[in-house]
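Novice: Put chain B with the ligands on the given structure of chain A with help from the hints.
If you're matching them up, the sequences are chains A and B in order.
For the first sequence, this note's numbering begins at 1151 and goes up steadily by one.
For the second sequence, this note's numbering begins at 560 and goes up steadily by one.
Calculated directly from the structure, the hints in this document are not laboratory data.
A few of these clues could be false.
To be verified - Sample of chain B residues facing chain A (criterion: CB under 10 Å; computed from the structure):
id : residue
1  : Gly617
2  : Arg873
3  : Pro877
4  : Ser878
5  : Tyr879
6  : Ala882
7  : Arg884
8  : Gly887
9  : Ala888
10 : Ser890
11 : Pro900
Claimed, not checked - Have a look at the derived ranges for each label pair, beta carbon to beta carbon:
id : chain 1 : residue 1 : chain 2 : residue 2 : range
12 : B       : Thr576    : A       : Thr1480   : 56 to 64 Å
13 : A       : Gly1197   : B       : Val610    : 50 to 58 Å
14 : A       : Asp1171   : B       : Ala819    : 51 to 59 Å
15 : A       : Asp1277   : B       : Phe806    : 55 to 63 Å
16 : A       : Val1228   : B       : Phe894    : 47 to 55 Å
17 : B       : Thr794    : A       : Gly1197   : 19 to 27 Å
18 : A       : Thr1480   : B       : Leu798    : 48 to 56 Å
What the hints assert, rightly or not - Over the 12 Å line for every Cβ pair with chain B, so calculated as not near, a few chain A residues:
id : residue
19 : Asp1164
20 : Gln1167
21 : Asp1221
22 : His1231
23 : Lys1232
24 : Asn1241
25 : Glu1259
26 : Ala1301
27 : Asp1360
28 : Ser1428
29 : Arg1442
30 : Tyr1466
31 : Asp1469
32 : Arg1494
33 : Arg1495
34 : Ala1507
C-beta atoms are modelled at their ideal positions from N, C-alpha and C, and glycine is treated no differently.
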Amino acid sequence: MQERENTDGFVVFDHVQKSYDGETLVVKDLNLSIGKGEFLTMLGPSGSGKTTCLMMLAGFETATHGDIRLDGRPINSVPPHKRGIGMVFQNYALFPHMTVGENLGFPLEVRGMGKFDREAKIKRALDMVQMGAFINRRPAQLSGGQQQRIALARALVFDPSLVLMDEPLGALDKQLREHMQFEIKHLHDSLGITVVYVTHDQGEALTMSDRIAVFNDGRIQQLAAPNELYEAPQNSFVAQFIGENNKLPGTIEEIADGRATVRLQTGEFITATPVNVSQKGQPTLVSIRPERVEYMPERLPAGAHTIDAEVLEFIYMGDMFRTRLKVAGTDDFVIKNRNTMEQRRLQPGEIVKIGWAPQDARALDPL
Amino acid sequence: MSDMTATTTSVSEALTTADGRPLKAALRRAQSLAKRRAFMLVLPLLAFIVVTFVMPIGELLHESIYNPDFHDNMPETVAWFAANPPSTVPDEAAFTALADDLKTSAAARTVAQVGTRVNYVMPGTRSLFTATGRKAKSLQPPYKDALIAADPKWGDPDLWATMRQVSSSYTADFYLAALDHTHGPKGNIVPVPADQAIYLMLFERTFLVAAAITFICFVIGFPVAHLLSVLPLRTSNLLMIFVLLPFWTSLLVRTTSWIALLQREGVVNDVLVYLGVIDAHGRLQMIYNQTGTIVAMTHILLPFMILPLYSVMRPIPPSYVRAARSLGATSWTAFRRIYFPQTLPGIGAGSLLVFILAVGYYITPALVGGASGQLISNQVAYFITGAGNNWSMGCAIAGLLLAAILILYWVYDRLVGIDNLKLG
Ligand SMILES: Nc1ncnc2c1ncn2[C@@H]1O[C@H](COP(=O)(O)OP(=O)(O)OP(=O)(O)O)[C@@H](O)[C@H]1O
Ligand SMILES: [Mg+2]
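Only chain A is shown next, with the shape it has when bound in the complex (with noise of 0.2 Å):
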């Protein structure tokens, strides 16, 4: 969605805590703006507080410190059933002893809506994800990813602006997980609702999102659209987190023009670009994609360095090979290339110089 007209507002976290036990916060200080429309996604490893922020999100939590405010006006003592927000759960929580229709009549019913009305809705909503045939089957004879429809079709049917998915997709087989990406993707795009999606894939968050937070360990350690997350990570635990990475240590030798020369630990220099490294001598780790890497002289960009590689290994995938190497002391560095007609296989034992565009090292905090 790029139509966001309110970029700030439509749900406010302002400096949200939160502990359960009292001694250790799970969220720390945690402030973010999802616009109306947006489909945020929250990634991190597991138990960063995904859980927890969606938890005080649809109020079945409450944040230790701090303000969340949805369209404008502050929700902390809001019960769960005033929020009006649709919530699909991780193991779909569709009700066992009701059939489809009645789980999705559910939220209607509640609502004081007539019969004919809420058969309408159900209708419209089965339709929606297209599971109209199934309106009399429980649950349990349904599959995973029937069921998977059927949850989304619930929280949906009520028509709310706001729609929290915690890792609905993870019990499900990787070719179903992406036919129900796109599907969730293509129903957000259409209904033009406002979707927080949490989950431990990068890549569903990398397909699916407007924009994505990176959470560690109760922070956001990152907040940007998927290809700059991608692309321009700000520190080393987004690096590492999101898409492969070769981490090469060293110390800041000299910062200038937007350029820093690192001194490696075996004592070559590189040029890298300094992102969160300010002065000589602090320690650093630079960060390279695999797939930035080159080895062909010829497509090496004009003054970029170059460093002496051994190759160890050459694996072939298909389309891809990827060949893991010995650089300045590390051996899990890999490069990634196509499988092109003039792309040259490595041989191990082979001794090559690699390279690459001085913008594609970032020199990052070491972790």
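Specialist: Below, chain B with the ligands alone, put in the same frame as chain A:
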């Protein structure tokens, strides 16, 4: 081509293994060993159940319809009854048979048994048999006059009708009696006089008391089980010990402590008097009556309600209620529409368990029930161990109880479905 067709047909008719044996037979052979092994494993349990459960219950049911005391000890009289239709007026031959039987059974010291058997149906006749039995040796023919001279009751046609009735070893009399019915003068079935009818009233009271106990257990147990199921496992395990604590104390100790609490001079009355709720003369009678039975049995049976409920509630994930709340339900609606229906199997199991145990409970009503708290099982005990000394009657009541519980089970199965039961 024809070969292929043949193969296809044979496949569709009967599948065979690689060496040509029918697949079904091969499968059966392969499974029979596993089945036999499994059977061997359960054999000890099976034997145990047969010896401790099936046989005693069979014996009980048999005993309730079988009483040979008259039949075995009065063979000639029995033969006369068999030879003559029921309306025959007893003639000299009948009295001769009776006198001979009395002589032999007096000699064998079994005349009291015979008298007891007749006495079950016609009260007051036991002494007739024992008294005449003592004089049996000196009886001289003609026996009709001699016996009537010994006691005019011997001429009573009702007595003869009764003797004919008890002359068979197998009888449904005890079931009739346990249902407050008896044989009328013409052999038809009539209710016993109102002042002797107790069993139907006791059955009714037993079921009402059991229903009350089940209901109270449910009302108390449901919140407790719910609390246990939402607490962290460590805390709930600790609290579970308190639920199970009653099991660790002797039944007698627990029941006695209720006496200490509830009696007229007991702790509860003392506290009420001290607080001025009641005055010293108005102390409440809370024990040795139905209240005492209900209170003490509720206490004893509560764990049987809590445990199945807990085992059903524990695995219900909190996300169901959360989902309901996020869909717009108030917490009460979420409980009523989402949580409660999912606990029904536990409620069914707990209620059935408590009810059946309560229906058959004996020791507690005997100790704290007084007169109004006696249940049907106390009658069984009375007949089998106590002064009643009538095994057949006790067994007939127990048999009716068993039938009632089987009916209950059947009704439950029809209404709820027995596969919906969850005991743990
Ligand atoms: N009800 C609770 N009581 C106490 N601690 C909790 C509770 N729920 C979560 N935590 C703790 O809070 C931290 C964050 O949990 P949370 O469920 O938010 O993580 P998450 O990011 O959703 O992880 P995952 O990806 O595994 O779902 C964890 O360390 C967890 O142990
Ligand atoms: Mg989670």
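Novice: So, for every hint listed, does it hold in this structure?
Specialist: Evaluated hints:
{"no.": "1", "hint": "Gly617", "result": "violated, 41 Å"}
{"no.": "2", "hint": "Arg873", "result": "violated, 16 Å"}
{"no.": "3", "hint": "Pro877", "result": "holds, 8 Å"}
{"no.": "4", "hint": "Ser878", "result": "holds, 4 Å"}
{"no.": "5", "hint": "Tyr879", "result": "holds, 5 Å"}
{"no.": "6", "hint": "Ala882", "result": "holds, 4 Å"}
{"no.": "7", "hint": "Arg884", "result": "holds, 4 Å"}
{"no.": "8", "hint": "Gly887", "result": "holds, 5 Å"}
{"no.": "9", "hint": "Ala888", "result": "holds, 5 Å"}
{"no.": "10", "hint": "Ser890", "result": "holds, 8 Å"}
{"no.": "11", "hint": "Pro900", "result": "holds, 5 Å"}
{"no.": "12", "hint": "B:Thr576 / A:Thr1480: 56 to 64 Å", "result": "holds, 60 Å"}
{"no.": "13", "hint": "A:Gly1197 / B:Val610: 50 to 58 Å", "result": "holds, 57 Å"}
{"no.": "14", "hint": "A:Asp1171 / B:Ala819: 51 to 59 Å", "result": "violated, 44 Å"}
{"no.": "15", "hint": "A:Asp1277 / B:Phe806: 55 to 63 Å", "result": "holds, 56 Å"}
{"no.": "16", "hint": "A:Val1228 / B:Phe894: 47 to 55 Å", "result": "violated, 20 Å"}
{"no.": "17", "hint": "B:Thr794 / A:Gly1197: 19 to 27 Å", "result": "holds, 23 Å"}
{"no.": "18", "hint": "A:Thr1480 / B:Leu798: 48 to 56 Å", "result": "holds, 55 Å"}
{"no.": "19", "hint": "Asp1164", "result": "holds, 22 Å"}
{"no.": "20", "hint": "Gln1167", "result": "holds, 22 Å"}
{"no.": "21", "hint": "Asp1221", "result": "holds, 17 Å"}
{"no.": "22", "hint": "His1231", "result": "violated, 5 Å"}
{"no.": "23", "hint": "Lys1232", "result": "violated, 8 Å"}
{"no.": "24", "hint": "Asn1241", "result": "violated, 6 Å"}
{"no.": "25", "hint": "Glu1259", "result": "violated, 9 Å"}
{"no.": "26", "hint": "Ala1301", "result": "violated, 8 Å"}
{"no.": "27", "hint": "Asp1360", "result": "holds, 23 Å"}
{"no.": "28", "hint": "Ser1428", "result": "holds, 46 Å"}
{"no.": "29", "hint": "Arg1442", "result": "holds, 43 Å"}
{"no.": "30", "hint": "Tyr1466", "result": "holds, 41 Å"}
{"no.": "31", "hint": "Asp1469", "result": "holds, 40 Å"}
{"no.": "32", "hint": "Arg1494", "result": "holds, 54 Å"}
{"no.": "33", "hint": "Arg1495", "result": "holds, 48 Å"}
{"no.": "34", "hint": "Ala1507", "result": "holds, 48 Å"}
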